[in-house]
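Residues per chain, in single letters:
Protein chains: 2
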Amino acid sequence: MGNQTIFFRNQPRIVATSTIAGPKECEGIIGRYVETALSDDMYGESTYEKAECKMLSTVIDGAIANAGLKRNEVDLIVSGDLLNQIISASFAARDFSVPFLGVYGACSTMAESLAVAAAFIDGGHIRRAVAATASHFASAERQYRYPLELGCTRPPQAQWTVTAAGGALISAEGDGVRITSATLGKVVDFGVTDVNNMGAAMAPAACDTILAHFRGGKEEPEAYDLIVTGDLGALGSRILKDLTWEKGLDISANHVDCGEIIYNVIEDEFQGGSGAGCSAVVLNSYLFNKLMGGSFKRILFVATGALLSTVSSGQGESIPCIAHAVTLER
Amino acid sequence: MGNQTIFFRNQPRIVATSTIAGPKECEGIIGRYVETALSDDMYGESTYEKAECKMLSTVIDGAIANAGLKRNEVDLIVSGDLLNQIISASFAARDFSVPFLGVYGACSTMAESLAVAAAFIDGGHIRRAVAATASHFASAERQYRYPLELGCTRPPQAQWTVTAAGGALISAEGDGVRITSATLGKVVDFGVTDVNNMGAAMAPAACDTILAHFRGGKEEPEAYDLIVTGDLGALGSRILKDLTWEKGLDISANHVDCGEIIYNVIEDEFQGGSGAGCSAVVLNSYLFNKLMGGSFKRILFVATGALLSTVSSGQGESIPCIAHAVTLER
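First to last, the sequence lines map onto chains A and B. Using numbering that gives the first Met the number 0, read the first sequence as starting at 0 and increasing by one per residue. Using numbering that gives the first Met the number 0, read the second sequence as starting at 0 and increasing by one per residue.
Derived from the structure by calculation, the hints contain no laboratory data. Any given hint could be a false lead.
In this list, chains with the same sequence are indistinguishable; a pair is considered to hold if it fits within one copy or across any two.
Restricting the straight-line Cα-Cα distance to at most 30 Å, the calculated cross-link-like pairs of lysine-lysine (DSS-like) are [what the hints assert, rightly or not]: (1) 217 with 69; (2) 53 with 240; (3) 53 with 217; (4) 69 with 240; (5) 246 with 53; (6) 246 with 217.
With the hints as constraints, model all of the structure from the sequences given.
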């Protein structure tokens, strides 16, 4: 592995997780693994933003409780989300009297927060942290796209922002899924300007980080049961396989994308799911379950983020993207 | 010190810094210490946002060059800013082929990025990182307040967002200012809803973190030459002194606020400066200079952030705030 990869000598571990997802999301594969299935994506709140914030609070509290801990036994919350000024994370953290580090990596947040939390724990600075993130279809549409009431037609390359949250309790000790390395990504921009085609924009960033991870040559993709990207979607996933193959790395046998598998694609989702909550809910429900159960022994979790804003796109900028990877072992 | 405080055993050090500031800012005390004094706050760009991004790129590159290094000798950039989706930081990072962690702590970003970078270095995960942030008066007004063209009257409790950027090159070795501890803050909300009175909103967060830092009782405020807050402004600084005094901690003898000292307050700034660039430019120019020169031996740098967004304020929420502290020693 190249020098972008950090190895965690003390192998911090995910000892518990918590997840929540909306009704549409629970129709798919994660419906059987998610901890809290919402019947109403307003979650009893008056605005979409407050619903997203409450989902995030729920999984932070859930991860702490599922680890058999109390809030005051946690040293740090690392979290972020897609909304302006990461208000979901900041306002969720307000409910907890726990030190907070806000991060912004768009849809790469789950991997970024895991890497940051693991680094603090591995260095012996803290003992326990929660890494969590969320997204909500309606708050994301309101902020990044058009008012839902307009009923805009979605192009076929579009994805559907997942309404879900996922949180992981990471500890210096205990039984769980070990975080053995993190490959921190660089910002990569291939000049894509179509804000409806996030998969094409993010695939080069995923490729860059995956290549950096395997560059050292000590490992082959086959050393992993799965190489899981966050929310490239069906098209982005195909682009990633092509890009890595062109660079001499064949990941096609064990690559899967959370965005591609989260929905039973029937109509509006087109390329699948996206959003920070997409990879967060798949990792912390389905993948964590399979790792703990022994079905998977080792996965590379590569969450991807598109670092655009409406202002940057409005000013004619292309979409810079990033991907962070963490190795999870059982 | 309480358990919110992390001690860095290997004492990562700031070996070089770089700063840039607008014409208005350079009229004040930092004018004599800043590396690049802009005569035009557009910095040759076509939009305020692009100018802010370019300022950030300049100080990241400057910190690397001033340390006698090349870009490829840096392992990590930790950065964030005030704009939606931290576009200044993300787009600046695009120019560097260096791993990037985006953080969001509003005006607390300089302290947050120093703490995160120091933790990665102290844990032996990386050798060198840049921590940097920026803000721009005009891009902040556009995003958080009113169009400049409206010419809105500012209330007397308002502050003025600083047009400036500052970056620090932190290394595992070399001669410099040592980062010996970090006290990571909790989100504190005293129910302030006046978006023009950030000092009042942020002072309780600064108080909470400073109390957490001194709680262990092993040290008195006198152990520090300065206890420097980020951008509370004149009013916020007075509130902080009152709040800490009420809790039995007297910091009045050596407390100073970057926002209070940055301008020669004459007219529009009222309570002084604010913005992520405020504490970043004061720390990385004036304070770094005085630490390296031996005038100060030990300072507690406490950057404060108001974690609001226009959406949260529009939905009737109060302003949650946070403060992170780092101990800097020479």
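Quiz item: For this structure, which hints from the list above don't hold up?
Solution: 2, 3, 4 and 5
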